[in-house]
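Based on these hints, arrange chain B on the given structure of chain A.
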Amino acid sequence: MLTKRIIPCLDIKNGRTVKGVRFEDIRDAGDPVELAALYAKQGADELVFLDITATNEKRKTLVELVREVARYIDIPFTVGGGISAVEDVEVLLQNGADKVSVNSSAIHRPELITELASRFGSQCVTVAIDTKSTPEGWKVFSKAGTMDTGLWAMDWAKEVVERGAGEILLTSMSNDGTKNGFALDITGEISRNVIVPVIASGGAGNAQHFLDVFEAGADAALAASIFHFQEVPLPGLKQFLAENKIDIRI
Amino acid sequence: MKIVIVDYKAGNVQSVLFALERLGAQATVSSNAEEIKSADKVIFPGVGEASSAMRALKANNLDTLLPTLTQPFLGVCLGMQLLCQHSEEGDTEMLNIIPVPVRKFDAAIKVPHMGWNNLHHLKSGLFAGIKEDEYAYFVHSFYAPVTEHTIAQSSYPEPFSAALQYKNFYAVQFHTEKSGPAGAHILQNFLNL
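Sequence order for the protein chains is A and B.
Once you know that position 51 of the first sequence is 50 in numbering that gives the first Met the number 0, the rest is easy, because the numbers rise by one and skip nothing.
Once you know that position 136 of the second sequence is 135 in numbering that gives the first Met the number 0, the rest is easy, because the numbers rise by one and skip nothing.
It is worth saying that the hints were derived from the structure and are not from the lab.
No residue lacks a Cβ here, since even glycine has one placed at the ideal position from N, Cα and C.
Among the hints, erroneous ones may be present.
What the hints assert, rightly or not - Covered stretches of chain B (in silico footprint by chain A; criterion: 3 or more residues with CB under 8 angstroms from a CB of chain A, positions within the stretch not fixed):
id, stretch
1, 44-57
2, 118-125
3, 132-141
4, 176-183
To be verified - Part of the chain B face toward chain A, derived, beta carbon under 8 angstroms:
id, residue
5, Gly114
6, Gln152
7, Phe189
Extracted from the complex, chain A is given alone in its bound form (with noise of 0.2 angstroms):
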């Protein structure tokens, strides 16, 4: 069977990790690939790298930091931030990047989906959806957040697999950070409305609300503070949803 994905986020900077992990068992928390080294000996399904870097250096650090990781690391992962042009992506999939996710980019200039999915192959793009629960409904925003998009997170999750998309990343912007649980509502509708698998990212807080948003009908489930806190560990998490009867490789 085919198992639901369990996907750790590292945020970087300058080809560093940001966000102050805590960790015991390696020598250097700030190193994204013995961070993620670790991880993949715990048992992450996948790994999502979020570059965050703003400065002119970024494309040259991100590419030598895709280059190190994919050297070391034995199992698939994602490159997202800042991606908005066909060279970006092939210079990170020539260096061993698995997948890239577009975001901002995307809904500037929705034709770059399908000019990354013609030239790529669908599998190596995730389009990144960013939405938040309005009193009208679920809505798609940007700029970290900030700006209402105007469209639709049904609509816009719809269009992008029309446009290539092999992928979706959905973020909950409601629940980004509260530790409250996924948004299982939209996360659910989502995934059964679109052929393609749906991530879910936002409120993880505890092991049973993995369980509750595969329930849902999420096909992976993404979260970064929790992991790098070590506040739910990834064996223990898996163990605990093996349990609850949800496919999972252990």
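Below, chain B without anything else, positioned relative to chain A:
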């Protein structure tokens, strides 16, 4: 041992090079006929779309070369499907080395089939030491059905060929280079053939 990775600008070549490096093996990346013919082992990776990959092979005259090779040969992912007869992806005539068709997954299930899935009904030295139901990482929207040439199966939800063998041609649908220690073991088994 001389390992050559077939270069036709449609592969995740760097990931395969790094996977070999982790096994202490070095490889050459080439589209040159003499270079490929002289290899002890040939690896044929691939990601992307079938018809454009076939065009790239033809542009390098690899469509006539590859079927004549006699050394152990490993197709990976799209590299596996290209060894088959015909693909429903773009209605493409493939290399026709392994007499198996390539079909699209049923529209009722999610595609791509993306993630970790079990390998079962394992046969051949390629899977020596790999336990039944071991996990491997897959990303694909088309599949080869189970036939007499199947040496490993996976299920989504119906059984399909996770690996094929025909004479010296071995092929895996999953990514050995991204399938953790088990993938590395399978790649090492290929080098040992």
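Structure-based check of each hint:
1. Remark: the stretch 44-57 of chain B is confirmed as covered by chain A, as 3 of its residues place a Cβ nearer than 8 angstroms to a Cβ of that chain, reaching the required three.
2. Counting residues of the stretch 118-125 of chain B whose CB lies closer than 8 angstroms to any CB of chain A gives 0, so the stated coverage by that chain is violated, three being the minimum.
3. Counting residues of the stretch 132-141 of chain B whose C-beta sits closer than 8 angstroms to any C-beta of chain A gives 6, which meets the bar of three, so the coverage hint holds.
4. Counting residues of the stretch 176-183 of chain B whose CB lies closer than 8 angstroms to any CB of chain A gives 7, which reaches the minimum of 3, so the coverage claim holds.
5. Interface restraint check: glycine 114 of chain B against chain A, minimum CB-CB distance 5 angstroms, threshold 8 angstroms, status holds.
6. Hint on glutamine 152 of chain B is violated. Least Cβ distance to chain A is approximately 13 angstroms, over the 8 angstroms limit.
7. The beta carbon of phenylalanine 189 of chain B comes no nearer than 16 angstroms to any beta carbon in chain A, farther than 8 angstroms, and the hint placing it at the interface is violated.
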